[in-house]
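Which chain is which? The protein sequence lines are U, S and Y, in order. Start counting the first sequence at 1; every next residue gets the next number (my numbering). Start counting the second sequence at 1; every next residue gets the next number (my numbering). Start counting the third sequence at 1; every next residue gets the next number (my numbering).
Note that these hints are calculated values from the structure, not bench results. All C-beta atoms in this analysis are idealised placements derived from N, C-alpha and C, irrespective of residue type, glycine included. One or more of the hints may lead you astray.
To be verified - Cross-link-like lysine-lysine pairs, in silico, BS3-like; alpha carbons within 25 Å at most:
{"no.": "1", "chain 1": "S", "residue 1": "LYS172", "chain 2": "Y", "residue 2": "LYS279"}
{"no.": "2", "chain 1": "U", "residue 1": "LYS190", "chain 2": "U", "residue 2": "LYS126"}
{"no.": "3", "chain 1": "U", "residue 1": "LYS343", "chain 2": "S", "residue 2": "LYS227"}
{"no.": "4", "chain 1": "Y", "residue 1": "LYS276", "chain 2": "S", "residue 2": "LYS172"}
Said to hold, decoys possible - What the simulated footprint calls covered on chain U by chain S, stretch by stretch (three residues with Cβ under 8 Å from a Cβ of chain S suffice, anywhere in the stretch; the number is not a length):
{"no.": "5", "segment": "370-379"}
{"no.": "6", "segment": "493-499"}
Spelled out from the first residue to the last, the chains are:
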Amino acid sequence: MSGQTALEVIGITKTFPGTRALDDVSLAVRKGEVHAVVGENGAGKSTLMKIIDGIHLPDCGEIRVDEQPIMIRNPQDAQRQGIGFVHQEIALCQHLSVAENVFMADINTGKFPLIPFNRYRAETRKLLDQFHAKIDPSAHVSTLSISNQQIVEIIKALSRQCRILIFDEPTAALTEDETDVLFEIIGKLKSQGISILYITHRMPEIFRLCDRVTILRDGKLIETLNVAETNEVAIVNRMVGRHIEDLYPPKDAAEHEDTVPVLAVENLGSFDRFRDISFTVYPGEILGLTGLVGAGRSEVLKAVCGLYPKTCGEIRLQGKPIEIRGYRDAIRHGIVYLTEDRKSEGLFLRMNVIRNIAAMSLARLISGFLVDRRQEAQLASKHVESTRIRCSSLVQSLESLSGGNQQKVLLSKLLAIEPRVLFLDEPTRGIDVGAKSEIHLLLRNLANSGVAIVMISSDMPEVIGMCDRVVVMYEGTVAGTVRDSDGHLNEETLIHLASGLSVATAPAGPTPVEREEREKG
Amino acid sequence: MLRVRETVFGCKDPEPSMLQLILGRVRTFREGTLILTILVVAVIMSFLSPHFLTVNNIRTTLLSFATNGIVVVGITIVMILGGIDLSVGSTMALSMVVSGRLFLMGMPIWFAIIFGLLAAAMVGVTIGFFVTRVGLSPFITTLAMMGIARGLCFVITQGTPLSLFRMPAEFKNIGLGSVAGIPYGIIIFTIIVVTADFLMRRSRVARLVYYTGSNETAAIYSGVNTKRVKHLVYIICSTMAGLAGILYMSRFSSATPGFGAGLELTAISAAVIGGASLNGGEGTVFGAVLGIALLAVITTSMILLNVSVYWQDLIRGSILLMAVSLDYIRHRH
Amino acid sequence: MVRNVGMRVCIGLLVLVVFVLAGCGQASAPAAATNVSADDPASVFIGGGEDEVYYMITFVSGVEYWVPVYEMFKQAGAQLNVKTVYTGTPEYDLNAQMAVFEQVLATRPAGIALCPINGDAFADGIQRALDMGVSIMTFATTGEHSNELAHITSDNVNEGYMAADALAEDMGGRGEVAVLENPGQDNHDLRIRSFIERLETRWPNVRVVARAASNQDPDRAYTALKTMVQANPNIGGVFMPEASSGMGAAQAAIELDTGIRVLCVDVNESILDMIKEGKLFGAINPNQGIQGYFSMLTLYLAHHGLIDPMNDYMQINDSPVRFPLMDNGLAVITQENADSFYLGPYLQRRNSRGISETSLEFAARNGSTFIR
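Please construct the entire structure, taking both the sequences and the accompanying hints into account.
Written as structure tokens, this is what we have:
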């Protein structure tokens, strides 16, 4: 795979007040190559991409496009050089139409005195068709799902006829199908000679999509490898800078048939969103809940907690039926839910670590009607230590923490009330490998201490690596349950169930064990 | 920047000492800049005018923002919640006018002011209803309430200020009297501010206000009944405005339907100068009070210097812009 | 076009005479006469009754100032057997007022007496109204005038002069005074300017030592006066161009207790009470009822074409009614005459429902030639 170099950065160094974000980093992207950039959060990937896009200026170093040294002072310069950027954070105008967003740059340069809506709509339609996306070009962005917004974001970059395209974790919010389509598009772009810089956390994507991979750690270039000549463990070890033996902690070996489940949910239904949902969780067990995005996984857990309306169903805690009308009832029973969207639904970003951790425990921390700040700090301190949160101070605001540490703070907030049942919705989404394995270990330890855990994840390797049993959902119903100890817990089985196909290798529907339990209950 | 602690895994000692907590507070002490700004203005003024640093002038300046300061306390809490209340000026006039009218109809003044305060609280109840139950934005709801309350004032008074000279002396004394040279107005204000500031920093309910303002969904997902919190806060804010109205009534022996027009903007600017954010989740009562103090100091300074009235707004606006910029630059990182 | 000085002087004199008579009547014999019966000769009742409607349009329409204006507008309407309606915008909002004007115009009334927030903005609308045959008259505000048939107002300059004279005279012609202002409102600025001008020309030993903006806010006026006295302890009087500041300044003056004379323009019940109790030195009050009566009368004259002056109105096809400026006169209210200026008792003795009724409703209760 030799070819001309499309983009080259040489000896880039960038210092922010207090940190050296990039230290002498060099990287070359060939024409028509998909080049992955990986590294833990804070490794400098985003900073590097922002320098290429002209958002930041480097302290020193050089950027070459087509082997010519160039200056990129702002994103407009980058656009002129044919560099496009698909941002991770969705940066669309929510109250404008899809077409207006896609052609924002055109509208800005003002080629036409009036906005040629018909033309923009037609061209947007063409681009969307490439993606097989059912999005109306004149729909408002605010009415689209997150994954469709992501597609609009990608199309917006593509519309500018760029030669080098940077993707910053584009699949984070996409479903499997949408991801497949994206990869198809990327393949097409590649065949047109367009170079792709691809930032990701997901190992399988590197092996499926990329030609070469550059690993960064702590702002330094570690190595650029040919994907064909390496493997997952080698990349992970270079990313974290230490040797990780097993990606996942050992599982729970115990059999639970005879014990009383901590939580039993029966025939739960909510209008036409989902129906006939039954599952049980035993103490010390991690139960996986998976399925395609949109299968109703989050809604089921939210409905159990009183955060989503339910129309029927029974919930039993330690064998006793309980009534949950609102989330506060659930909290009272020790059932808590960790949201999948930590920034907008989970954290108080501008508040400090102590106050975030104490948010659910105030009732225990009051003396008179005042908050006992000494106890509050003690509580936070205890959890900061036990979940290994890296922060410079307990009064540091959450905004300045990395994604992994934010997630640990969120988890600590739930753990502070000493829950019996822990519902986790995508607990490791968007956090780096090191923090991810720390959270995995933490969850396993919690399970071992008797907490029942139900975990939603779209990350198949994580589901397989972490869960003792997995309930797979398909279009609002339980498609099947797979037990690790049965030996059927593998990607193929899960994907089959999640796609609504019956599985030859696994028993369809609830296992005999589950049926038995239901009759017992 | 002060660095309180720098460890790899959170805290070396599991229990942060009081000293460390205090240092942490100093680091995030927004009010510092404001106190400094007020002191700088005061020092400059004491050179420019011999009358600035006199007991009389200090008392006048304090009294000039004491009553409006009570309104600022209320609006600050609303802003911490992430809301806004444009109706405070009208609500202030409403409590005045309701008590004044009832008094003129023959009700004893002490009962009349209870009804005045209730009328103000009802404004808060109504705002809370439309914001939490109907789901309207606080901006629109309070804009409408501003008109409704003002309209009620005009209906009740028929446009005429109510003359309340016959009010009993002991009631007038609240607005006019003083103890040991300190007017009651300043004493009441101080008590309210100290209590409110303490409660906002320490009480559980106030903490729920900060949670709701910082991230409402996250607060709901932490089991906070945000609707109840919001409702309560709007009632507190309106009642504070009502209380201010009663104090003004006592001082001026009259209930004016047009009183307090434009007060909402002064109060909001004071809160913002004091560190409150229009997006909620931030701000302190103490800071907001310093904000309105700064505004008052600037106003009295310009009067003492006999600055042309045509220049006063321009100068006031410029100083505000500088004060807020200074604060922003200092706390940007 | 009739814009000659002679006419202006004539009208001015006429109004002054009327004012003096009215003033004497009010001062000498309050509430002495009895209600005259309604059955007078019908010679003057030539109006069209229910079908001939005259509107009075104001802004901040709830305030007390307009009530006596409309009271006399209504009375003239009752006497002329036409219908009068009071309307306006509750807020100080030019656009809203223009909308109200257009709505009223759409009903094709006989005439409109308008107090415009800004005269220039209404120039176009007034011209259109005149072209439609609707008579337009403006009152109370100052500033540039457009094409209206006539304008009647208080002379703000004279108000400033009278305030200066009253204050300076009481101070024995020497001392220090202060002013509280409301910069940006034409008539208020004019009062302040003429007040200062008069002191400079006629009372050289009375100096204006401090000026502050109170913007019609009693609390600001209170603080401002107290602060001004810090720097100028010898202030013997303070003037402000409106009533709201008067309430605050009076309270400050009482607390300072240095004998400061507080003088304001316009009154309300609180101000009157304060004047009566000697807490406020006095107030200048425009004789606003005259604005209403002569507005109605002028509109009526124009609508029915009742005058035929010797000028070129026929030649240029204009209305014969062109009174560029009429002065409604004013009064100085002090402790002695304050009783005559209370609105409540005034409406009560007239058996009137103020701005909420039409002239016909008023006449139905009180007789059409209501005179006391």
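Results for each hint:
1. S:LYS172 x Y:LYS279: holds, 15 Å
2. U:LYS190 x U:LYS126: holds, 19 Å
3. U:LYS343 x S:LYS227: holds, 21 Å
4. Y:LYS276 x S:LYS172: Within the cut-off at roughly 19 Å; holds.
5. 370-379: This one holds; 6 residues, not fewer than the three required, reach chain S with a Cβ under 8 Å.
6. 493-499: violated (count 0)
Hint 6 from the earlier list is the only one contradicted by this structure; the remaining hints agree with it.
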